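Q: Single-letter residue listing:
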Amino acid sequence: MTKRNIFSLFEILFWPVVGFFSVGLLTTFLDLDPNRTGFILIGIISMSVIQVCQIDVAEALLYDLWAKSMKHTFIAPIHPHQLLLGSWIIGVIRSLVVFLLLALFSLFVFDFDFLRPGVFPLSLFLLGLFLTSASVGMTVCILILVFGYKAEVAAWSLSSLMALICGIYYPISILPTPLPEIARGIPLTYFLAYLRSFYGFQEGFQSLLRWGFGLAGFYLIVEVILFRIVLHRAKRTGMILKLSE
Amino acid sequence: MALAIKAEGIYKSFYTGWLKRSEKQVLRGIHLEVEKGEIFGILGPNGAGKTTLLSILSTLLFPDRGQIEILGMDSRREAHRIREKVNLSSGNANFLWSMTVEENLHFYGMLYGLAGHRRNQKVKELISLLGLEEHRGVSFDRLSTGMKQRLALAKSLLNDPSVLFLDEPTVGLDPSVSVWIRQQIQMIQKERGMTILLTTHNMREAERLCDRIAFLKDGRILTAGDPDSLKRMVRLGDLIKIEFEGRVEEDELGRIEGVINYSVTNGLCEVIVDEGERRLGPLITKLSEDGVKIKRVTLGQTDLEEVFLEFSKSSNSDMGLYLQELDHDQAKYL
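Chains as they are written, first to last, in my numbering: chain D, 2 to 246; chain A, -2 to 331.
Just so you know, these hints were derived from the structure itself, not from any lab.
In this text, all values refer to a predicted model and were calculated from it rather than measured experimentally.
Backbone N, C-alpha and C define an ideal beta-carbon position, used for all residues, glycine too.
There's no promise every hint is true.
[As the list claims (entries may be wrong)] Output of the computed footprint for chain A on chain D, the stretches with three or more beta carbons under 8 Å from beta carbons of chain A:
1. 60 to 69
2. 72 to 80
3. 238 to 246
Looking at chain D on its own, in the form it has when it is part of the complex (with noise of 0.2 Å):
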């Protein structure tokens, strides 16, 4: 679907490029000790991560509804898991090929190491992320078949807005409140803070891993219940139809 869609390849690589360097050239320039550098490459790698593969989940429903074809793959004998399910590792397998090249990018550029925690921990942080991005993936194509063209815009300021919260590039102890506490309802909060937990930075969190799969389980269980809500919702509205229009 992407070969000849040059934006796609602009999410899967000029875009995490170019943020990872701009962001990781500004942790050069303001001289900061090998583990706050880390801190920072640890978040825009986790964010580019989890914008590749949330999209792609998102693209579930996002190309029917930029080519109009909705009805054409909801009057396929697909069940919408499956749907969902193949977006998602499709998303994982291109956020793993972003995640190694800028992983790689940080060991030789930035003299960052990644594989310093472990094999395991490092997996289990990026299953964590691959759960977020699919969980957020699912939230953008909810959004879509309850509000149609208008919710395309959460395809990109979700996991933006999400970032933010879950102190991407700083502590969320440094945030405002009531956004440490909202902080601690999202998962990715707890994944940063268990890989930055190997560089010397404790959250004050306890049981991190739990934590933050417990949370992206639950929500994961909402959202597919909230999505075949939805979608029986779109078949009673014609939604499906309008966006195929």
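Fit chain A to the given chain D structure using the hints.
A: For chain A alone, kept in the frame of chain D given last:
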């Protein structure tokens, strides 16, 4: 004959606005029965509810009320199984614009569970069937309207559907492409024996393609039947024009079976009969027997457009009353 589609008492309204909700009733108690293997046309003006009805039957839209069975399966409880057996092609086709004809077919083939060699074969077969060979590598946004329509038809045949829904399949196409698409539809239906339910506001298209037709207006089916019986039903009559030499006995004309009305002026005799093709022979024979020299004969048959207009007249007209009488019995027939 087994039924492919059975719909009973289908109602559908759409609502707009959040606080002050306004309701638009689109379908008002549709009864429909379509037999397996027939081409059934839903004919009606824009806004009659054709696309809404088709969308409900193809499981894309839920009705507010009513029961639907497609190939004996309940459309609510067995929607997934129904979707394996049906497909849809609509006019003004839209597909993923950055993908080529071939890629689009592969993509939708995947959604229909086709994989590997089977999918390759199917895509190849459909590209050949719909004459898309030269355009297989062209992206959708660069296709002409006619080619997009061919792709839509190809996509709708990916799963070899038992029931095919065609929503205004020739809308926006130039006449030559429309004719080609109609021929393909007829050929495909003949070869595969599938049931086709098509919507159109093109009366001639319906007349040429469909075994049976239902007139839909304001969310109600006015009547249904095969094109000839519909024409007979409205009794508009066919016009036979005869240019002649000699003398026509006007009283004699009125006694000929099937003659509804007639006029004779200056060598031109105009006779309105119930069925033109059937009455033409006896009429000419009778005039010849009376010594009239026939110079030229033309037969103008009632077309469906006139029939539809008659059926659409207000309920105060005779036809309207006639329809009201028909409503209950025909509901069973439809």
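Q: Are there at least three residues in the segment 238 to 246 of chain D whose beta carbon sits under 8 Å from a beta carbon of chain A?
A: holds (count 5)
Q: Has the segment 60 to 69 of chain D got at least three residues whose CB is nearer than 8 Å to a CB belonging to chain A?
A: Result for this restraint: holds, n = 5.
Q: If you look at each residue in the segment 72 to 80 of chain D, do at least three have a Cβ nearer than 8 Å to any Cβ of chain A?
A: holds (count 9)
Every hint, counting from the list given before, is met by this structure.
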